[in-house]
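Student: To convert, note that position 147 of the sequence shown is 147 in our numbering; the numbers rise steadily by one, no gaps.
I should point out that these hints are in silico values taken from the structure, not numbers from a laboratory.
Subject to a maximum C-alpha distance of 25 Å in a straight line, what follows is the list of computed DSS-like cross-link-like pairs (lysine-lysine):
hint, residue 1, residue 2
1, Lys145, Lys133
2, Lys133, Lys147
3, Lys311, Lys288
4, Lys214, Lys397
5, Lys147, Lys214
6, Lys145, Lys28
7, Lys145, Lys214
These numbers were taken from a predicted model, which means no experiment stands behind them.
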Amino acid sequence: MVNLFEISINILEEFIIALFMTLYFGCKYNRWKKYAGFLLVMLVAVSSITLINSVYVYEGFLGLLFILIYFLYALIFLNGDIYTKLFISGFINSIVYFIALFSNLCLSIVFHNQHNQIYEMAFERVVLIIMTKTLLAAACAVLLKFKFIDIGRRKNMVMLIVMPIVAEFSMIGIMQVFLQYDNLKLELLLASVSVMAANILTYYSFIRLNNDIKRESEFSYLQQEYESYKIYTRDIDELYNKMCGLRHDSLTHFNIILSLLESSVSEAKEYIQSITQNRLLKVKSLVKTDNNCFNAIVNAKIAVCEREEIKVQTRIMNNSLCRLSNDEIGILFGNLFDNAIEASRNSIKKSIELDVQNQGAYLSVFMVNSIDNSVLINNENLYTTKSDKEYHGFGIKNIKSVVDGRGGIINYFEENGYFCCDILL
Numbered sequence: 001m002v003n004l005f006e007i008s009i010n011i012l013e014e015f016i017i018a019l020f021m022t023l024y025f026g027c028k029y030n031r032w033k034k035y036a037g038f039l040l041v042m043l044v045a046v047s048s049i050t051l052i053n054s055v056y057v058y059e060g061f062l063g064l065l066f067i068l069i070y071f072l073y074a075l076i077f078l079n080g081d082i083y084t085k086l087f088i089s090g091f092i093n094s095i096v097y098f099i100a101l102f103s104n105l106c107l108s109i110v111f112h113n114q115h116n117q118i119y120e121m122a123f124e125r126v127v128l129i130i131m132t133k134t135l136l137a138a139a140c141a142v143l144l145k146f147k148f149i150d151i152g153r154r155k156n157m158v159m160l161i162v163m164p165i166v167a168e169f170s171m172i173g174i175m176q177v178f179l180q181y182d183n184l185k186l187e188l189l190l191a192s193v194s195v196m197a198a199n200i201l202t203y204y205s206f207i208r209l210n211n212d213i214k215r216e217s218e219f220s221y222l223q224q225e226y227e228s229y230k231i232y233t234r235d236i237d238e239l240y241n242k243m244c245g246l247r248h249d250s251l252t253h254f255n256i257i258l259s260l261l262e263s264s265v266s267e268a269k270e271y272i273q274s275i276t277q278n279r280l281l282k283v284k285s286l287v288k289t290d291n292n293c294f295n296a297i298v299n300a301k302i303a304v305c306e307r308e309e310i311k312v313q314t315r316i317m318n319n320s321l322c323r324l325s326n327d328e329i330g331i332l333f334g335n336l337f338d339n340a341i342e343a344s345r346n347s348i349k350k351s352i353e354l355d356v357q358n359q360g361a362y363l364s365v366f367m368v369n370s371i372d373n374s375v376l377i378n379n380e381n382l383y384t385t386k387s388d389k390e391y392h393g394f395g396i397k398n399i400k401s402v403v404d405g406r407g408g409i410i411n412y413f414e415e416n417g418y419f420c421c422d423i424l425l
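Whole structure, please, built from the sequences with the hints as guidance.
Tutor: Listed below in structure tokens is the structure:
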């Protein structure tokens, strides 16, 4: 029978669950949307349980509807990935089932009552309500203490997601047996505790698997960083060798010029013009700004481009890089060049352009590289196309981390045979 008292109990229970879900994942929105979502899930959940209880004393399989209600609330209004939301929705609902079953069995054993007597408006009913809501609040507090959000390879977790739902089916069956056979209370209590213990172990395994994936992801990131440092070291070494070669050639040129000046000034002039026009053009490709870190990175990448026969053009405004730290410069421009070189080496034009300018209060970084075929049509999210995906694919993420850290925006688009990356910081 549904009355104001029972409705109040339903409101309390759904408030605890909705608050738990909100605290676990965090709300996507602020102000009125945040409260509107919370009130909406409360209204839907309380209305549903009240309607079901007006027809059935025990909701049974109809209670699985609340997994969908909690999941939709998390999906629309809360942060987090879809797999964790589905798992937690099922897990918290299985806990509600277990607490109801466990409390009924315990009180039935303690007070030597039939199951139908517990639901009457009596002392036992009040004790049952206090017990169930206290256990539910305690369970939510424990889950909040041992929560997790990012679980990495989420598609591998599908079987774990099914476990809480399977546990609910088991506890529904146990409750149905309890409602028909009061003489099996101890056996049913043992069975319900065993099912819930398996459910808790599933959650523990979920956390352990999550931590293992995080460690593996961190290792992959460090491996990728190590590979990047190896490439960067090689690039610096090539640039150093190139500068040593230029120094050696310069000494030779100066000796030749001195010798020619002694015999023929006109021949010396012709020789100087020949060097300037043909042999020293490589010096023009080197970048010199007021930021030594930027100079080292970009010149090293230009040396790679020369080896790959990629044409590079740069336009860097003075004092434009002063707002960025050396770490940010290394991550941002190192990854931008690596991605551009990777793409343009396979194109016909083999061209890269970098433009760095101050635009009012913002720093504009605009980089383009030539492409023969569209990248965004077949790879909108710019996932790595390399076969060893464990140790690649961090370049775009690292660029985004710098941009997000500076509260900036980044836009990728294609235009006239070029892939463009437009950044405002």
